[in-house]
Amino acid sequence: MVNLKRNILYILIIGLILTIPLIIQNRYYLHIINIIGISIILTVGLNVLVGYSGKISIGHAAFYGFGAYASAILTTRFGLSFWLALPVIVLIAALFGYVIGKPILKLEGAYLAIATIGIGEITQLILMNWTNMTGGGAGFKHIPPPAIGSFEIDSEFRYFYLIYVMAIVLFIVTGWIIKSEIGRGWMAIRENDVAAHMMGINIVSEKVKAFIISVVYAAIAGSLFAHLVGYISPGSFSFQESVAFLCMVLAGGMGFMGGPIVGSVVLIYGREMSRTFNEYQLVIYGLLLMVIIIFMPRGIMGLLTGKTRSLIDLWKRGDSLGKD
Amino acid sequence: MLQLSNVHCLYGKIAALKGINLEIKEGEIVALIGANGAGKTTTLKAISSLIPVSEGKIEFLGEEITNLPAHVVVNNGIAHVPEGRQVFAELSVADNLLLGGYTIKDRAYKEKTRARLLKRFPRLEERKGQLAGTLSGGEQQMLAIARGLMSKPRLLLLDEPSMGLAPKLVYEVFETVKEINEQGTTVLIVEQNAHVTLKIADRAYILQNGEIVLSGDSREIASKEEVKKAYLGG
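So the sequence lines, in the order shown, correspond to chains A and B.
No gaps in the numbering here: position 308 of the first sequence is 370 in this note's numbering, and each next residue is one more.
No gaps in the numbering here: position 28 of the second sequence is 1111 in this note's numbering, and each next residue is one more.
Careful: at least some of the hints might be erroneous.
Think about it this way: if two alpha-carbon atoms lie no more than 20 angstroms apart in a straight line, the pair counts; the simulated EDC-like pairs of lysine to aspartate or glutamate are [as the list claims (entries may be wrong)]:
#1 Lys1211/B to Glu1173/B
#2 Lys1193/B to Glu243/A
#3 Lys1195/B to Asp1178/B
#4 Lys241/A to Glu1173/B
#5 Lys1193/B to Glu1166/B
#6 Lys1311/B to Asp1285/B
#7 Lys1195/B to Glu1173/B
#8 Lys1211/B to Glu243/A
#9 Lys1282/B to Glu1303/B
#10 Lys241/A to Asp1189/B
#11 Lys1188/B to Glu1208/B
#12 Lys1235/B to Asp1300/B
#13 Lys1307/B to Glu1294/B
#14 Lys1211/B to Glu1265/B
#15 Lys1108/B to Glu1309/B
#16 Lys1261/B to Glu1111/B
#17 Lys241/A to Asp1178/B
#18 Lys1188/B to Glu170/A
#19 Lys1202/B to Glu1166/B
#20 Lys241/A to Glu1111/B
#21 Lys1188/B to Glu1173/B
#22 Lys1195/B to Glu214/A
#23 Lys1235/B to Glu341/A
#24 Lys1235/B to Glu1262/B
Calculated directly from the structure, the hints in this document are not laboratory data.
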């Protein structure tokens, strides 16, 4: 009974989401909503890594950029359709995730953070300097819209359905994985990796799995982004973007399925509203991160569900961090 | 069932174990007793492959398991209940138990084992939806033991189950260990609380500075003058 009720609720929510473009027809707002959808895809994956397996990344704009450029290059220079390019990109992204994840996930905390920043910077350099492939600093122009036969997905309205159907599917798949043994294993690693090891969890391979998922989702998001905007440049995949995505996961609430959605909506809408402060965005994100970590370590979702305990509470009680 | 032959372990250049020989037969409770830093926990960690063995051999059920990956060792039927309980604090009691059976693929079987263990530990049943970090010390220890039993181990390694518990709870924990053993699980228990441990154990090994200095029947060991002096408080 409970399951049936819950499923009906889910279907209602999904139905409601899919009517958004019928209500909001302003192109500008619809564009922001599409960008939010892309960001949700990326941050749902990043939340698997950061929120569930407890490993940080401040370099996911690199994989976002990889997806965007790979899709742009495959659809223009190699003449592949968007639909054929996507699975190719997913496969290569998974391979990248494995090859990069395996060595760097041996690192913890600040060291891992620095390694992921390094990946972001390397990607920036490649995008800037591999000029004949990527167009360098001038960017990559004329990325064609995806098409089904002669039906081109070339308006914000049509694009909305492409993005949100993918986002919903990926969200549901992720939810299943989180509820499965794999998800429970990730949470065990996050809570206590020594004990997780004792339970027979192969820590390295489970962490790499989480990393691969986050990389693949980022690449899918990147591909959607490239075709949506039609023009990409390295600036869209900079360190600042990596920080922004991490902020969305943290602000929304790590380890909550709804966290990335809330975080993406709040931060992207907030960013649009504060366009005038563009240069100060990193400062704003920095301050935001500090406020979140100190006052609401499990983000907005943590506040809503009452599961949050801020550092201040712990400090008042004379407890130390991470101890219960 | 388990045989350690001349096992050496190093922490950097410092030898923590200097040639341990130890044997456990099926159905026994064997105690490993020693002071702080004698190498008790290290011995358990060597058995469950949490630290590498630099020299020597560990055999389980006739097969060599030295330095196999830790998850393979669990699969082979050895469960390790760590020192200080180490429950997954932010996960529910029910999830903690499921994680104990992580290596079991059969879900129905796992559910059944969990139901059986919850019946066995009624206090965990009452609190199965609660976060493990909110349990009391004694309850957390019971949870840690139950979690260890989820993988249906042939051999259970218990590291200081009485640590930080009130005397009444210590008694309860040891009663549980005895029952588990009577139901067919072999137990290797590491303890500082030699007094109680020697009462439930069949045999005991005394560890000093990474070497076994004494071994034999528990009662025999408990009656030895030097043991009384060093571990039983006179």
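Hint check results:
At most 20 angstroms may separate the alpha-carbon atoms for a hinted pair to count; Lys1211/B and Glu1173/B meet this at roughly 13 angstroms. A C-alpha spacing of about 12 angstroms is found between Lys1193/B and Glu243/A, which places the hinted pair at or below 20 angstroms, so the restraint holds. For the hint pairing Lys1195/B with Asp1178/B, the CA-to-CA distance comes to about 14 angstroms; that is within 20 angstroms, so the pair holds. Proximity of Lys241/A to Glu1173/B is assessed by CA-CA distance (about 15 angstroms); at most 20 angstroms being required, the pair is judged to hold.
Restraint check for Lys1193/B and Glu1166/B: the C-alpha separation of about 25 angstroms exceeds 20 angstroms, so the hint is violated. Between Lys1311/B and Asp1285/B, the direct Cα distance comes to roughly 18 angstroms. Compliance with the 20 angstroms bound is thereby established for this hinted pair. Of the supplied pair hints, the one linking Lys1195/B and Glu1173/B is violated, its CA atoms being roughly 24 angstroms apart against a limit of 20 angstroms. Distance hint between Lys1211/B and Glu243/A is fulfilled; the C-alpha atoms sit about 18 angstroms from each other, no more than 20 angstroms.
A threshold of 20 angstroms between alpha carbons decides the hint, and for Lys1282/B with Glu1303/B the separation of about 11 angstroms falls inside it, so the pair holds. Restraint check for Lys241/A and Asp1189/B: the C-alpha separation of about 16 angstroms stays at or below 20 angstroms, so the hint holds. Restraint check for Lys1188/B and Glu1208/B: not satisfied, since their Cα atoms lie roughly 23 angstroms apart, outside the 20 angstroms limit. Of the pairs offered as hints, the one joining Lys1235/B and Asp1300/B is violated, with about 27 angstroms between alpha carbons and a cut-off of 20 angstroms exceeded.
For the given pair, Lys1307/B sits about 18 angstroms from Glu1294/B by alpha-carbon distance, which is consistent with the 20 angstroms threshold. Distance hint between Lys1211/B and Glu1265/B is unfulfilled; the C-alpha atoms sit about 26 angstroms from each other, more than 20 angstroms. Distance restraint check for Lys1108/B and Glu1309/B: the Cα-Cα separation of roughly 26 angstroms exceeds the 20 angstroms cut-off, and the hinted pair is therefore not satisfied. With a C-alpha separation of about 10 angstroms, the suggested pairing of Lys1261/B with Glu1111/B holds against the 20 angstroms cut-off.
Simply put, Lys241/A and Asp1178/B have alpha-carbon atoms about 11 angstroms apart, close enough for the 20 angstroms limit, and the pair holds. For the given pair, Lys1188/B sits about 30 angstroms from Glu170/A by alpha-carbon distance, which is inconsistent with the 20 angstroms threshold. For the hint linking Lys1202/B to Glu1166/B, the alpha-carbon distance of about 25 angstroms lies beyond 20 angstroms, and the restraint is violated. Taking the CA atoms of Lys241/A and Glu1111/B, the gap is about 38 angstroms. The hint is violated against a cut of 20 angstroms.
Our distance criterion of 20 angstroms between C-alpha atoms is broken by Lys1188/B and Glu1173/B, whose separation comes to about 24 angstroms. Between Lys1195/B and Glu214/A the alpha-carbon distance is near 54 angstroms, which puts this suggested pair outside the 20 angstroms criterion. At roughly 59 angstroms between alpha-carbon atoms, Lys1235/B and Glu341/A are farther apart than 20 angstroms, so this suggested pair is violated. Under the criterion of a C-alpha separation no larger than 20 angstroms, the hint pairing Lys1235/B with Glu1262/B is consistent with the structure, at around 15 angstroms.
In this structure, the earlier hints numbered 5, 7, 11, 12, 14, 15, 18, 19, 20, 21, 22 and 23 are contradicted, and the remaining ones agree with it.
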